[in-house]
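Participant: Starting from the structure of chain C, add chains A and F where the hints point.
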Amino acid sequence: MYHYTALVTCLAILFYFITSVQVARARATYGVKLPAITGNPDFERIFRVQMNTLEWMPIFLPAMWLFAIYLSDRIAAALGVVWIIGRIIYLIGYRKAVERRGPGFGIQALATIILWFGSAGAIVWRLMQG
Amino acid sequence: MYHYTALVTCLAILFYFITSVQVARARATYGVKLPAITGNPDFERIFRVQMNTLEWMPIFLPAMWLFAIYLSDRIAAALGVVWIIGRIIYLIGYRKAVERRGPGFGIQALATIILWFGSAGAIVWRLMQG
Amino acid sequence: MYHYTALVTCLAILFYFITSVQVARARATYGVKLPAITGNPDFERIFRVQMNTLEWMPIFLPAMWLFAIYLSDRIAAALGVVWIIGRIIYLIGYRKAVERRGPGFGIQALATIILWFGSAGAIVWRLMQG
Chain C
3 MYHYTALVTC LAILFYFITS VQVARARATY GVKLPAITGN PDFERIFRVQ
53 MNTLEWMPIF LPAMWLFAIY LSDRIAAALG VVWIIGRIIY LIGYRKAVER
103 RGPGFGIQAL ATIILWFGSA GAIVWRLMQG
Chain A
3 MYHYTALVTC LAILFYFITS VQVARARATY GVKLPAITGN PDFERIFRVQ
53 MNTLEWMPIF LPAMWLFAIY LSDRIAAALG VVWIIGRIIY LIGYRKAVER
103 RGPGFGIQAL ATIILWFGSA GAIVWRLMQG
Chain F
3 MYHYTALVTC LAILFYFITS VQVARARATY GVKLPAITGN PDFERIFRVQ
53 MNTLEWMPIF LPAMWLFAIY LSDRIAAALG VVWIIGRIIY LIGYRKAVER
103 RGPGFGIQAL ATIILWFGSA GAIVWRLMQG
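Residue numbers (the numbering used here), protein chains in the order written: chain C, 3 to 132; chain A, 3 to 132; chain F, 3 to 132.
Hints in this document: simulated from the structure, not taken from any laboratory.
Check the hints yourself; a few may be wrong.
A pair holds if it fits inside one copy or across any two, identical chains being indistinguishable in the list.
Once the Cα atoms are required to be at most 20 Å apart in a straight line, the calculated SDA-like pairs of lysine to any residue come out as [as the list claims (entries may be wrong)]:
hint	residue 1	residue 2
1	K35	F45
2	K98	G41
3	K35	M3
4	K35	F17
5	K35	R50
6	K98	N42
7	K98	S22
8	K35	V100
9	K35	A99
10	K35	G104
11	K35	G95
12	K98	P43
13	K35	R47
14	K35	L93
Okay, chain C solo, but in the shape it has when bound (with noise of 0.2 Å):
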């Protein structure tokens, strides 16, 4: 089993689910009514942290996942706690300014990196194993 990287899969959901609250609650306080997901670059910038993350999702988990299977259940869990830092930096810095989105993105990217080089290299040794 693979309880660590099972609780850090709910906390990185959790995570993302409240990108999606901050994007309801930037409609209100911008006035962007639904339907529309443009208008206002306060708005704008609100629900690109919500895309990208969402975006980053079908990165993040199948590697996370992935590593946790070939390699280590606590290594996994440990660079998917990294990915959320680095996505609750990018947040903080992205509400901000666009400028300001930088740092945290490199965290969570670097962290997905290792996380597929691991996956990958890990599956190829297995193969090649017979």
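Facilitator: Coordinates of chains A and F only, in the frame set by chain C:
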């Protein structure tokens, strides 16, 4: 094995696929040509149904599967069916007017919240048992 | 274990990641500044390639994995490779013109449909066996 949850996964992605087909049809009906995603409120509501369903997939699917693995395949699948029913009500309502998206949205959100809290609770319980 | 499907999962998310990188590059090339997602048709087509790939990830990945678990790791992975090839053709075509997105789209859709029907059929069969 988790046959019921597996079957509901197939049904959920079938429903989601149907929302995508409706966007393609709405493009023709309302004359919103690719690659545009704005321009007509009737089109935009149908587009938002698909987008919102997409946005919830990485919350719903992992939560349902973790619930199935940690608690019960049958209850996870039953909550998954409630999610799909909520989504169908949401689709029918939102197509008519932005204001009518509420009830269906609430049903699918409630099903997801139960799946998430059930999973998270069971995982923490297992970790505490060592 | 499902080594082949695991490897194709890594390749599929790598391809999807590349579509995201191309959106970032297209922003620079066509001068579409964040957080905007509209304003230039050439940018919008490249953006739609990424979005459409994202839209299909929660259909393709679960269908491929259920096929691997219920039927065959190797056939699931082979169909996954067909999906990636279809996506590459779709990317090349759509970059040039909206009208040229058809063939690649059809290939990846066909691979996904086979994965879905195979999975759904095998799951129902198992449930009927009790």
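Participant: Would you pick out the hints that fail for this structure and give their numbers low to high?
Facilitator: Result: hints 3, 4 break, sorted rising.
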